[in-house]
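J.: Listed below, chain by chain, are the residues.
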Amino acid sequence: MDINFVIEKFLLVTILFSISLVIAMYSTYAERKVAAFLQDRLGPDRAGPFGILQPLADGLKMFMKEEIIPSNASKWLFMVGPGLAMLCACIGTAVIPWGQDLTINGRAVPLQVTDINVGVLYLFGVVSLGVYGVMIGGWASNNKYSLLSAIRAASQNISYEVAMGLSIIALLLMTNTLSLKEIVAQQHGWHWNVLYQPLGFIIFMVCSFAETNRAPFDLPECETELIGGYHTEYSSMKLGFYLFAEYINMFVSSAVMATLYFGGYNYPWMDTVAGMVSPNTAALIGTVVLFIKIFAFIFFFMWVRWTIPRFRYDQLMNLGWKGLIPLAIANIIITGIVIAVVNKF
Amino acid sequence: MESLSNKKKVLEQKPLNLAERMYLPAIVKGLGTTMSHFFKKSSTIRYPEQEREFSINWRGMHSLKRDEEGRERCTACGLCALSCPAEAITMIAAERKPEEKELYREEKYAAVYEINMLRCIFCGLCEEACPKEAIYLDGPIVPSDYLRKDFIYGKDKLVEAPLEK
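These protein sequence lines are chains A and B, in that order.
If you use this note's numbering, the first sequence corresponds to residues 1 to 345, in order.
If you use this note's numbering, the second sequence corresponds to residues 1001 to 1165, in order.
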């Protein structure tokens, strides 16, 4: 293995990691601002100009708070829980292609940590591991309410994982590959998958709302029924990690949606633009476009959160099992038939 | 029977049609509503720097007034205390000495005048009862405090500042 490869991957991982953290940090700020604007308020504006230092103040507050581990809690697992949630949220970004290859000193540097040929499966695996953080946290607290909430979170995530997996199968039938880089490359220019798979996209999006525990599917956290939810017993930065992981998850699932359905770093007339600037600049423009798409999705997540009231738990299960799964299967069948017909003629 | 106001609405409970059962149209409509608020002017008042104006019939903290020569108007007649439904006002009257002529308008004055702000219901009856136009509820919001005893406001807090000579 050559040393440049190691340096390049190390740099990429570090940059991605810091970008995820910074975006998650400022998502908390954006969330409050968006909520305020949607409700005719101003939101945080005291810390720094427009309140942009608010996340730092919140973080400092989290770190300064007293840390309590309940005496009957399983201490080791209690500490592992938030870390696991955070870890699973962070490693999802590894397979997402952030742009076209850069050329530095004659070396092609891919803007993707790793292009594994089972990229989609890896993503699903990582996302479903995230529920372990919640489950372990709820279990280790030795609190019945936390456990109930954790079980709710787990069953919700598993239920929606099924519909999510089925909705992606129709997409994979079309693209014929599991590599995210390949999927993005096939959407070159305007051929975004959302145009061919609108139903699949809607199912996928609804499921990612449920997977990230965002409203209207934010049932694991519930002040009215189960005190605070699975993190009732958590305090200080351990609680912060759980909340933070949610925001990183939101960032990752926005990135996944942009990559799978909205063309990733592709944008209309990109060939014309690429003709006018150097290849490296063109690749970086693509990356910027991808981030704009991601931010649009993050905004959409927040917009929905402050619009729609949460579901009741039985409604949630009803929608998942009786609504989305049959729809996803129907989508697979239709896609299959269309592909068969198109290949025939 | 015909309703008097014509505001009565008959509630219809039809089964939901397909579009309604799909939720999505309603969700899109809801998103439109919230988005329209995104661009509206916020109604926030940035409190410490900016204060909301009180309405003209606002009843705030009491103040004991002085007359145009700077003498206290109150003669300790006790009508305010008598009219107070919450019994928040107490006072002790005293006789004015000759050298105090510039301080008090009449021969009798309130040596002690106390209002218990925890009892006061800001009904404004003291203001109405006062024959000397000595008490008005034209002050700000009563500030918060930690101890109950600090809510008993004496003359030090109630009487207007002396006139500038």
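For the record, the hints were derived by calculation from the structure and aren't laboratory data.
Check each hint, because a few of them may be wrong.
Heads up, simulated DSS-like pairs for lysine-lysine below, C-alpha to C-alpha not over 30 Å straight-line [as the list claims (entries may be wrong)]:
(1) A:K322 with B:K1014
(2) B:K1014 with B:K1029
(3) B:K1065 with A:K322
(4) A:K65 with A:K75
(5) B:K1065 with B:K1029
Which residues of chain A face chain B? A partial, calculated answer using Cβ under 10 Å [what the hints assert, rightly or not]:
(6) T28
(7) E31
(8) V34
(9) F37
(10) L38
(11) Q39
(12) L42
(13) D45
(14) L195
(15) I202
(16) P216
(17) F300
(18) W303
(19) V304
(20) I308
(21) W321
Positions of the beta carbon are idealized from the N, C-alpha and C atoms, including for glycine.
J.: Does each hint fit the structure? Answer for all of them.
T.: Consistency of the hints with the structure:
About 23 Å separates the Cα atoms of K322 (chain A) and K1014 (chain B), which keeps this hinted pair within 30 Å; it holds. A C-alpha spacing of about 20 Å is found between K1014 (chain B) and K1029 (chain B), which places the hinted pair at or below 30 Å, so the restraint holds. For the hint linking K1065 (chain B) to K322 (chain A), the alpha-carbon distance of about 74 Å lies beyond 30 Å, and the restraint is violated. Taken as a hint, the K65 (chain A) and K75 (chain A) pair is honoured in the structure, with Cα atoms around 19 Å apart against an allowance of 30 Å.
Our distance criterion of 30 Å between C-alpha atoms is broken by K1065 (chain B) and K1029 (chain B), whose separation comes to about 57 Å. Of the supplied interface hints, the one on T28 (chain A) is violated, with its beta-carbon coming no nearer than about 19 Å to a beta-carbon of chain B, more than 10 Å. The interface hint given for E31 (chain A) is broken, as the beta carbon of that residue sits about 14 Å from the closest beta carbon of chain B, more than 10 Å. Because the smallest distance between the Cβ of V34 (chain A) and any Cβ of chain B comes to about 8 Å, under 10 Å, the interface hint for this residue holds.
At a threshold of 10 Å, the smallest CB-CB gap from F37 (chain A) to chain B is about 5 Å, leaving the interface hint in force. With 10 Å as the threshold, the beta carbon of L38 (chain A) comes within range of chain B, its nearest partner Cβ sitting at about 5 Å, so the hint holds. With its C-beta approaching chain B no nearer than about 7 Å, Q39 (chain A) sits inside the 10 Å limit, and its interface hint holds. Restraint check, L42 (chain A) versus chain B: the minimum CB separation of about 4 Å is within 10 Å; hint holds.
Below 10 Å, beta-carbon pairs count as interface contacts, and D45 (chain A) has one with chain B at about 8 Å; its hint therefore holds. Interface restraint check: L195 (chain A) against chain B, minimum CB-CB distance 18 Å, threshold 10 Å, status violated. Evaluation of the I202 (chain A) hint against chain B yields a held restraint, the C-beta minimum of about 8 Å falling below 10 Å. Using the Cβ-Cβ criterion of 10 Å, the hint placing P216 (chain A) at the interface with chain B is satisfied: the shortest such distance is roughly 9 Å.
Annotation: interface hint on F300 (chain A) holds; nearest CB of chain B at approximately 9 Å, less than 10 Å. The restraint placing W303 (chain A) at the interface with chain B holds, with a minimum CB-CB distance near 6 Å, inside the 10 Å limit. Hint on V304 (chain A) holds. Least Cβ distance to chain B is approximately 7 Å, under the 10 Å limit. With 10 Å as the threshold, the beta carbon of I308 (chain A) comes within range of chain B, its nearest partner Cβ sitting at about 6 Å, so the hint holds.
For W321 (chain A), the interface hint is violated, the least distance from its beta-carbon to any beta-carbon of chain B being 16 Å, above 10 Å.
Of the numbered hints listed earlier, those contradicted by the structure are 3, 5, 6, 7, 14, 21.
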